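Trainee: The residues making up each chain are set out below.
There are 6 protein chains.
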Amino acid sequence: MNCYELTKMTWEEVEASLKQVRLAIIPVGAHEQHGPHMVESCDAVLAERMAVKLGERLYPYAIITPTVNMGVSTHHLNFPGTISLKPTTLIMLLKDIVSSLKHHGIERFLFLNSHGGNQSTLDVAMNMITEEMNVEVYYAKTTASAKNAIAENVHSTLFGHSCEREISEALYLAPELIRADKLQRGDIQEPGRWTQLRPGKALKGFYRYEEMTKNGCIGDATKADFEIGRQIVEEALDNLSSEMMKLIKEDSKIL
Amino acid sequence: MNCYELTKMTWEEVEASLKQVRLAIIPVGAHEQHGPHMVESCDAVLAERMAVKLGERLYPYAIITPTVNMGVSTHHLNFPGTISLKPTTLIMLLKDIVSSLKHHGIERFLFLNSHGGNQSTLDVAMNMITEEMNVEVYYAKTTASAKNAIAENVHSTLFGHSCEREISEALYLAPELIRADKLQRGDIQEPGRWTQLRPGKALKGFYRYEEMTKNGCIGDATKADFEIGRQIVEEALDNLSSEMMKLIKEDSKIL
Amino acid sequence: MNCYELTKMTWEEVEASLKQVRLAIIPVGAHEQHGPHMVESCDAVLAERMAVKLGERLYPYAIITPTVNMGVSTHHLNFPGTISLKPTTLIMLLKDIVSSLKHHGIERFLFLNSHGGNQSTLDVAMNMITEEMNVEVYYAKTTASAKNAIAENVHSTLFGHSCEREISEALYLAPELIRADKLQRGDIQEPGRWTQLRPGKALKGFYRYEEMTKNGCIGDATKADFEIGRQIVEEALDNLSSEMMKLIKEDSKIL
Amino acid sequence: MNCYELTKMTWEEVEASLKQVRLAIIPVGAHEQHGPHMVESCDAVLAERMAVKLGERLYPYAIITPTVNMGVSTHHLNFPGTISLKPTTLIMLLKDIVSSLKHHGIERFLFLNSHGGNQSTLDVAMNMITEEMNVEVYYAKTTASAKNAIAENVHSTLFGHSCEREISEALYLAPELIRADKLQRGDIQEPGRWTQLRPGKALKGFYRYEEMTKNGCIGDATKADFEIGRQIVEEALDNLSSEMMKLIKEDSKIL
Amino acid sequence: MNCYELTKMTWEEVEASLKQVRLAIIPVGAHEQHGPHMVESCDAVLAERMAVKLGERLYPYAIITPTVNMGVSTHHLNFPGTISLKPTTLIMLLKDIVSSLKHHGIERFLFLNSHGGNQSTLDVAMNMITEEMNVEVYYAKTTASAKNAIAENVHSTLFGHSCEREISEALYLAPELIRADKLQRGDIQEPGRWTQLRPGKALKGFYRYEEMTKNGCIGDATKADFEIGRQIVEEALDNLSSEMMKLIKEDSKIL
Amino acid sequence: MNCYELTKMTWEEVEASLKQVRLAIIPVGAHEQHGPHMVESCDAVLAERMAVKLGERLYPYAIITPTVNMGVSTHHLNFPGTISLKPTTLIMLLKDIVSSLKHHGIERFLFLNSHGGNQSTLDVAMNMITEEMNVEVYYAKTTASAKNAIAENVHSTLFGHSCEREISEALYLAPELIRADKLQRGDIQEPGRWTQLRPGKALKGFYRYEEMTKNGCIGDATKADFEIGRQIVEEALDNLSSEMMKLIKEDSKIL
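Residue numbers (this note's numbering), protein chains in the order written: chain A, 1074 to 1328; chain B, 1074 to 1328; chain C, 1074 to 1328; chain D, 1074 to 1328; chain E, 1074 to 1328; chain F, 1074 to 1328.
In case anyone wonders, no lab produced these hints; they're calculated from the structure.
Incorrect hints may appear among the rest.
[Said to hold, decoys possible] Derived pair list, reagent style DSSO-like, types lysine-lysine, alpha-carbon separation capped at 30 angstroms: (1) F/Lys1081 x F/Lys1092; (2) B/Lys1322 x A/Lys1274; (3) C/Lys1220 x C/Lys1319; (4) D/Lys1175 x B/Lys1175; (5) F/Lys1081 x A/Lys1168; (6) B/Lys1175 x C/Lys1168.
Bear in mind that the values here come from a model prediction, so they are computed numbers and not experimental data.
Sequences are here, hints too, so could you generate the full structure?
Mentor: Laid out in structure tokens, this is it:
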């Protein structure tokens, strides 16, 4: 299928594409530990693969930028290899990308983010960039909108990092990220302060990932499955593409 | 009831209190429009009142700092009187408060926030302050944990700003904030781009509040009620105090 | 008397007031120790009360913003409870306030400051904000212009912090700040390096407040008196209001 | 051949590798136009491929980090698609990467850079990071040290961007970057201010790339050749690996 | 007379001097218009000359650093040639100087400043540098302490910039700065907003120098005199040196 | 000869000169150790003298600003007396100078730099200032373009800091900088890590100057000679002035 990927285009090809493009999708990932069964580029690669698939659905209105391949991963820093950007660094990086693309005439942006730890920074970035540059900024967690497929297929009470959901997505999108012979459940540490700080609790708070899981993953990766991944990814793409297409079409210049 | 409020104490009284204090509660509000029936200091005042009530429940372990009386309100700026801080300003302000209090020996902090627009900035602040200062940081939306009372009493599908929930809280905590003769429903603007961007939707995105509501409020303030406010506030205080007390007690220095 | 206080107004009320408003008064205080007889919010509260009184005199030309309730108090940090902002934080905070209000059409600002330690930062802020935002900025120490009343009534050679002058002002403006049973003279530490660094000396230099006074106050608070406070405050208000009114009236839009 | 690539490793694998690793190689590229015959990710991809090849030669002493896939490309911004980071953003990004890896015990770093426009920023970054973090920092232009192979094979007087040298390197390292049917000479614009500002001239100065070349490339890409690329790349790798191995071995912990 | 001037010393000479040096004097000037009868480097040169004279008196305890030859001159910017630093730039510059000298073992600093427009920035710099670097910082206006000589010899009600006081100082310290054939009185513009904003008035506020004086000077330069300059300078040096010597001697390492 | 030197002009003289001026030359030096035979202000003084000589040749098109008399000298910091600015400080300083002069109508700038350690920072500054302020920025190493004179007269393989080249330049431009009785060769430390990091090597890297030379100089200062200095300086001035004059004349406003 067709997709405008900036990394794979010459400037003449970009110039031609810009006649139709109404949106830049900026894949935002992370470089962080994903337990013993997933390599550390997981989030960067999944964000990029999702961006391309979304770009295919939004063709010829979307163009995919290079991937932001590191993110805010402070809570994983005690696992070897994790690299973490300060939130202010990530914001400056996104500002520069948006500013450059605005120079080329693009005024609508989607940060397509695969890593939960980036969400609040992206929200702040969206706020600041909108104010300072007068552009339209959106962000989304890659597969968060696949509510049905997740509800049906993911049964761990605690999931969201190198779990059956993420491994399933990777089986569908990027199986090379997985050490299939190492798949294991999260080695959850209970009781623990972290149990008070999960989404939905009265308090939010910072905790190190090793407080929660000794092997760095949660959920049950052994339950991961290509078909589950396919359902989650495709449902998310359905949602993201239809929602974004509505926004693009409101723009009087199209249709 | 007893409560350590820094604004009402002399240094000698602070010195004495610090022998028992294990937590500083920093009330974080905003200065922004709240429709025709609520004054603009609403969030600052409610955060402060909640902080004092929580401080009473956590006495003698908590001390209440001066209130951060302005916040991130970019989306309200087109309504007269709204003041908005850049996220980076709010973060620096919180850093300085935490740093000063750490100098006095306090190492656990709760940002008690009444304004949704601050949440992502507080999350980023928590992340950065924890890393840079080696302290324990938490944050909470004042009454978000009152899930039962809200489910029973708040029936608008769209609520959360100068709605029946917030006005009810104010009737209980600070009725002077309300223009009782001006209570009205949100003047919702539909259809609109904002409908695609509310919590739970596939995309998050920045929109101006006037895109959503012409009078600056949502929900139905005419349904507000003191008793509803009491239930919401007290349920939230139950949750916040019991969760925080667990964290304080894990600290071997107590009990 | 009438006064436009932003914290007590709805957006519709602000909108109406802005037809006449020519000045925003930003009260700037501090949160710092004031000896054993005054609570730590002293400066924030006094700045706010003075601002309202000045706003009454300048009605309907002035509007009062929320109070900047913490300031630059580095020299008091070794007294428990003191919170100090970095000068750069205070400047950013003021920038954001001014920028927001300029968005609403206000172009003249007065930082009404009760705390000596803020003065140089306010001067720098005035300089930078004027340059960057093309607005008219003024600042004033709340009661510094009451030269006659001070000369007649304040007799300590060393005064200016929780002394008879400040306690008298508080007796008139905010008696709840005072621990009347604890009033005492400053416990001055002589000789000391600080004696070389007071206003009027050849050198200026940083010193900690405890180098100068063991109990955190100077002067003689036991000599404070409501009537002295009244005279100082009212003389200052006479001066501030008449000077500011001249500036407002030069503005061709008025009279 | 073996190479430690962080993006392809789990945390357990990283942990094991760190027992031997003495150097992190950070590939630094750019995202910028490369004329009609090369895609815009050229520099990012070539830096990454070179890093892996260098990592193979330095195995098991070197580990390769994720690629910095955008750089300082201000001078190319008028060609569609180019993205440029502010120098300060690139410096902050490198600081965060180095800081994270130092947390894991690595204290020697090589910024392996394929883009001339990054060199001065990397020099500044090296200076600042060394001072602030007490680590050992080096940087190198990927193939600049291949002096013999370049002298023998590259005959354009003006070369260095999407020229026969760079296309030859790509033919050897990443032929998918090339539009083989579009290969063309630089469309050089003479006379021009830029002729006074090339390396070796008395003055250095900023000029836009389109001042120098209308199609965005210089030199003569039609002369590019796999074998030339092989010679340049391998000579550079010989030099980089032997020089770096000397530095690693001076470190008493090895051999 | 002897004076340690860093600009005139080799590193070996500096090394020897540091055995006795207890203070670095940093001359801080400006580059700004001084009316038709004084060149624009006036403040930089006078600060430097005063620093050397003070260094002679404090020999061998003081060392003179290079001169900060530009300062905060926003209010003079509309006169051709004036260069103004942002306050934050001046602060960073001073931080770097202090930090470097602390590296060499110096822990006491005097910013010897000839330009009124720098004073509040120096106060802020002193505050921040003291906090961040744990050094002892002082600042002084070069001749402000010569109260007797000024009271006796300077009779203009408005003076302080290229007036009889400053020209007299220059006649004594650096007569080459003066255009003797151009000496003139300030061309004062009255009435004017500035009259409300001079020292001692109820309000402080930013005004452009051309609002106050058309030719850029105030006072009456035609009354300037070498002997007046001598008296002012020498009285100031008496005060500065005796005060500073007291501070140096308190330091137990001396005498 | 005539030269517009801002430090020696009144504002009226500047105003008159600006009718013809097309370029501001900003001398950029350093304050750092130069071995036992040269004082630490060497670079600042040489940059200033070169700027004046270049200004004479470009009269009446060039104006000389005050000298940036400190620079980036991290690598010399372990020699007593050296002062080093952070690169970001130097950039901010240059921004403020350029911004002020742009206010006066100047739009072309040359950073005339005598210190190698500043070059990359100047390159970054040029990049950022050009982008942000839309001015024309150039920079040059003072005598680097004197290739013939250097090739003929300088025979040390390692030279460039307080060597026969620099001392010769000083003999011609500023002999007061030299301790003629202390002239000596560099006390080179071999072998050493630095030998791998000199210009032309495969790797660039940070090293401390004392790693390379014990006495702080390189080359052979005893071979310095006034005539060599004259040839180097004059050849460089020939090149700089002719190149710059071409750029000035392209500007249609001239000739």
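Trainee: Given the proposed pairing of F/Lys1081 with A/Lys1168, does the C-alpha separation stay at or below 30 angstroms?
Mentor: Not satisfied, since the Cα-Cα distance of roughly 43 angstroms exceeds 30 angstroms.
Trainee: Take the C-alpha atoms of F/Lys1081 and F/Lys1092, compute the straight-line distance between them, and say whether it is at most 30 angstroms.
Mentor: Within the cut-off at roughly 18 angstroms; holds.
Trainee: Would you check the hint for C/Lys1220 and C/Lys1319, treating anything up to 30 angstroms between C-alpha atoms as holding?
Mentor: 20 angstroms, holds
Trainee: Hint check: B/Lys1322 vs A/Lys1274, CA-CA at most 30 angstroms. Holds or violated?
Mentor: Roughly 18 angstroms separates the two Cα atoms, so the pair holds.
Trainee: Starting from D/Lys1175, check that the Cα of B/Lys1175 is at most 30 angstroms away, please.
Mentor: Holds: D/Lys1175 and B/Lys1175 sit about 27 angstroms apart, inside 30 angstroms.
Trainee: Are B/Lys1175 and C/Lys1168 close enough, with their CA atoms no more than 30 angstroms apart?
Mentor: 27 angstroms, holds
Checked against the numbered hints above, the structure violates only hint 5.
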